[in-house]
Amino acid sequence: MLLHFLTLAPFIAALLMVAASGRDSKSAFRLAVVFGSIFAAASIGLLLRGASITEPMEWFFVPGANITVYYALASHGFSMWLVFVSCLVSLAALVAGRDSFEGNYRNFAIGVFALLGAMNGMFLAADAVLFFFFFEAMVFPAAMLIASYGGAERKKAAIRFAIYTLVGSAPLLMGLWYLMTLAESSAPFELITIMLSLPESTRNLLLVCFALAFLVKSPIFPFHGWQAKTYAEAPAPVSAILTGAMSKAGIYGFLFWGLPLLSSDSLTSIFIWLGLITAVYGALMALRATDAKNLLAFSSMGHLGLAMAGLFVLSETSTPAVLVLLVAHALSASALFILIGAAERFAGSRDLGKMGGFVKSSPVFGFLFGFAGIVAVAVPGTAGFVGEFLVLLSLWNAGPLPALIAGICIVLSAAYMLRLIAAVIFGKPAAVRGETKISAAEVIAVLPMLLLAIYFGVRPAPIIDALAYRESPESVFEETDSAADEAEENENVQ
Amino acid sequence: MNTIPLWFIPLFPLFGAIVLGVISLVSSSSEEGAPEGITGTLAVLFPFLSFISTAVFAWNMPAEGFRETLGSWIDTGWFSINFGFLFDGLSRTMLLFVTGIGSLITLYSVGYMHRDRGFVRFFSYINLFLFSMIVLVLSDSLPFTFLGWEGVGLCSYLLIGFWNADQKNVAAANKAFIVNRVGDLGFLLGMLVLVSIGGSALLSYPELLSLFAGADLSAMVRENIQWFSLAGFLIFFGCTGKSAQIPLLTWLPDAMAGPTPVSALIHAATMVTSGVYLLARLSGMFAVLPDVLFVIALVGLATAFWAAVAGLFQNDIKKLLAYSTISQLGFMFMAVGVAAFDVAIFHVFTHAFFKAALFLGAGAVIHSLSGEQDMRRMGGLLKKLPLTALVLIFGWLAIIGFPGFAGFWSKDLILERLYASAPVTGPVFYGVALLTAIITAVYMTRFVILTLFGKYRGSAETEAHIHESPASMMIPMLILTVGSAFAGFLWAGLIPGADLFKNWLAPVVGAAQAMALEGMHGPHLSPWIFALLGTLAAFLGIFAAWKLFMRPVPQTKEDTVPRGFGGDWTFFFDKLHYYCVLVPVRVLAWICDKAVNPFVMLIQWFIGGIAEILGEGVRSIQARKIRVQVGLSFAGIILVLALAVFCGGI
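Chains as they are written, first to last, in the numbering used here: chain F, 1 to 494; chain W, 1 to 650.
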């Protein structure tokens, strides 16, 4: 029931918001926050309940291929935490956006709820078609939000974002369709079984198809072209959702559809190196960025690259490592985007050169921004440290060089983050335009996320233990991998 | 026996940091800020409570110490680490002076930071620093120590950049944090190496060191000895960052941008010595790694010599003390390098007193001269500030190793152990270290001459305002002065029976030291000869400085940055970092931005072509009505899906 609620209720909420008055943004805000809180509470309920699954319901039947597509949902350690993160970040965005969308708050909330429903559906889907449906469905509300409320080049950014990600997922669709016709089913388990029985060349081809979609979505070098512009042009609360929750879709996709297709170590190391290159590239670009939001976009890219590198190590620690890293990144990056939105309001520009000294004009903002920055630097005691440490530990299994490169990225991340902090809150006060104070809504949106980052940094057990359930994807893969090995051996014998 | 748990010790300053932080935030919008009386009292109270509880524990400690596990931190099944505390001979010694000197300097700061708008914020950071430092020292595992390790680095960053309206201070703070991060990477990788040798259990000190206990090394250790060496090198690299040794020492002189009490507490007495502490904590492991020890000794020697020479060229009072700190840390590393762990910690202990006294004295001078830091515009303060001058003179006598003062005893022991460490290299090391001691005496005497003797060379305006510091600053200074004079008698090598300090540390480092010394067969001489030579070095240095610098100082308007050869020498490592690290990183970043990015944009361009074509269509339905759009988009996706399904089905 909870799974259905988390997937469908956001869409209903979006519809109900339509009924709310468009003019009175205060009442719309109240309604949206009530809905958002309910979803956040439901996602906490999901965490408490642990892994669960719904009774599959027949959705539609594909006559030609003899496939019945089901509406089936399942939660497990990885997905329930990502659902929690999406609900939390969406709520934060709804709260933080109170004053940013004069008069149009209602439409903003509609977009956010539609996006939330799609994200939850994507994370919870237990059917290939359903997964793909939601995977695509995320793009539209996000693109609409960017196109309607973004910066000067918002339309271009939105179209580029939509087209890029849609084109990127076309191969995914083809790959899934091919598998479905083979398996005559769209249930993930059967698809994975079929995958494992395929010859290596086919698996590699499928892997490329799937990887394209997920690489674009994360994004991973060299498919990140859309990201910087999109994150920069999107309004700050939307950027927070994009980086905090939606960017996790790529990693999640790899975990579920990519890993079982891996057939050789060389492929694995290609993905590890792609992740590492992304991490280095993101960090170096962030060092040079002059646009505050661009800097954060590249920083996100770097972190996700690190997460992907860690994921493909396939060691005992890698899945918990990546999950902790993703949750930590969601908390700190979303907080930073929301705060940079406030800074943009103060300075009237995203240009780092036009910011500065905001700790003087708004000490509370300075505190929060510095706090969020330090959380993003992953000082021990924050969730980011646990994630990065475990990822380093996993990468060490892949060899000293990957671990060293990841370590250098961690040093570089300190360099660009401190540069951002120095440029935004320290130094001579910049000419402040308009208001100088951070709004209470923004404080309320950001502070809990930062405190959570500290909490999980000291006690990551809730996240790590969630993966100890039997639904752990890793164990599934280990079993299936060994089954595949056996199958291969049998073939060899024959 | 013990009524309070160990975690109370770090809890007090943590609580203080949070309370003061909240007060600072809440009062940030008011013009006046929170009342200094109450907040100042709170700021001193928490460190002091922590000191008292440390003292209680120290008093009641059984020989083997206490160990206390708070709970699990990270547990992924095969990788598991706990929050745990270990209170033994080593952490007792460190904690006593960390919390003790910490409380004194906090008290001093109440006077020093009077009327600063960030008064409360400052003390919140100081309390947070003490929390981190206590965790660093008290932890029973490497990862938890690392929490404190990066925590002190963070506080150092916050406090160096405390006056953050000036980007110069912020740049110094960033530099400190980033250079330390580079070192921390070594620490992190060192931990990973240990985990790969024997799992996460090896990250806990007692488990790790138990591998090396006993006369013979286990087969497991012998098989993995090169991996242990690698871990040792990496962890030592981490220590060079925090303790400002070659090659990561450039941040410490810049760190003087922070308020002077910060320089005294963090950048002289406590944080920068944590590298020495960590090496002593792992003494059991390092004792079986002679190659690593040799490198440590070399690095310590080179750093001590380089920084002492750099000290000769400094005109800024705080920069001079910073280089002298680096040099003294080099002495401590030398001691570690010849497996004299107890002596190294003893020098940490005495240095904490006399360097804190010197820094606080310098702070008092700067305070009374309205912020003047250039020694060429000081002079003649012996008569104007007699009490402060007394503090400086005692600190000076201690650091140059004047017989009887704290530094004399600890430096003497280091020199003695250096000489005895090996047949050939031992006397060579000793010779260079003795030369460094002479240079130390020269530049420190120059410091005293420039500040206290001669005529006052500053402006008449500042001269009128010269005043002794208030009691809250004077009392801590005087206590530290007493310490600089007498702290050495806790382990006075020449006096039979005066080796209390050695006995305190023996349960922790004694076995390792004995093991390491077995392999060292250097020549032995009577301790009196070393004492004599050490004393001669001090007098020679004083004499040389007196001849060289006891003359009128020309008036100057230039800034304090050393020029010419002095500048080249001082900034050698800055330049090295610039050309070997910064430039390559910038070039790489430039390549990414200017060369790789266009390639990425090429991919984009293809997609963009489609976007252009479809864009027209999208723009026409770009109605204001989101509802319609959302509905349309869902319809669209279902259409696409249905099409795909339909086509594929056929």
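Where hints are given, some of them may not hold.
[To be verified] Partial chain F-side listing against chain W, Cβ under 8 Å, derived:
#1 225
#2 345
#3 348
#4 392
#5 393
#6 404
#7 428
No lab work stands behind these hints, which were simulated from the structure alone.
Source: prediction; values computed, not measured.
Where a beta carbon is used, it is the ideal one built from N, C-alpha and C, also for glycine.
Closest C-beta approach of residue 345(F) to chain W relative to 8 Å, hint status = Because about 19 Å separates residue 345(F) from the closest Cβ in chain W, which is outside the 8 Å limit, the hint is violated.
message = Let's test the interface hint: is any C-beta of chain W closer than 8 Å to that of residue 225(F)?
response = Because about 4 Å separates residue 225(F) from the closest Cβ in chain W, which is inside the 8 Å limit, the hint holds.
ask   = Any CB of chain W closer than 8 Å to the CB of residue 348(F)?
value = This interface hint is violated because 21 Å lies over the 8 Å limit.
task = Go through the hint on residue 393(F) and say holds or violated, using the shortest Cβ distance to chain W against 8 Å.
result = Constraint on residue 393(F) satisfied, holds at 6 Å.
query = When the nearest CB of chain W is found for residue 392(F), is that gap smaller than 8 Å?
reply = Hint on residue 392(F): holds, closest Cβ of chain W at ~6 Å, below 8 Å.
task = Tell me if residue 428(F) is really an interface residue toward chain W, meaning its C-beta lies closer than 8 Å to one of theirs.
result = 6 Å, holds
message = The hint names residue 404(F) as touching chain W; please verify it with the least Cβ-Cβ distance against 8 Å.
response = 7 Å, holds
Hint check: violations occur at hints 2, 3; the rest are consistent with the structure.
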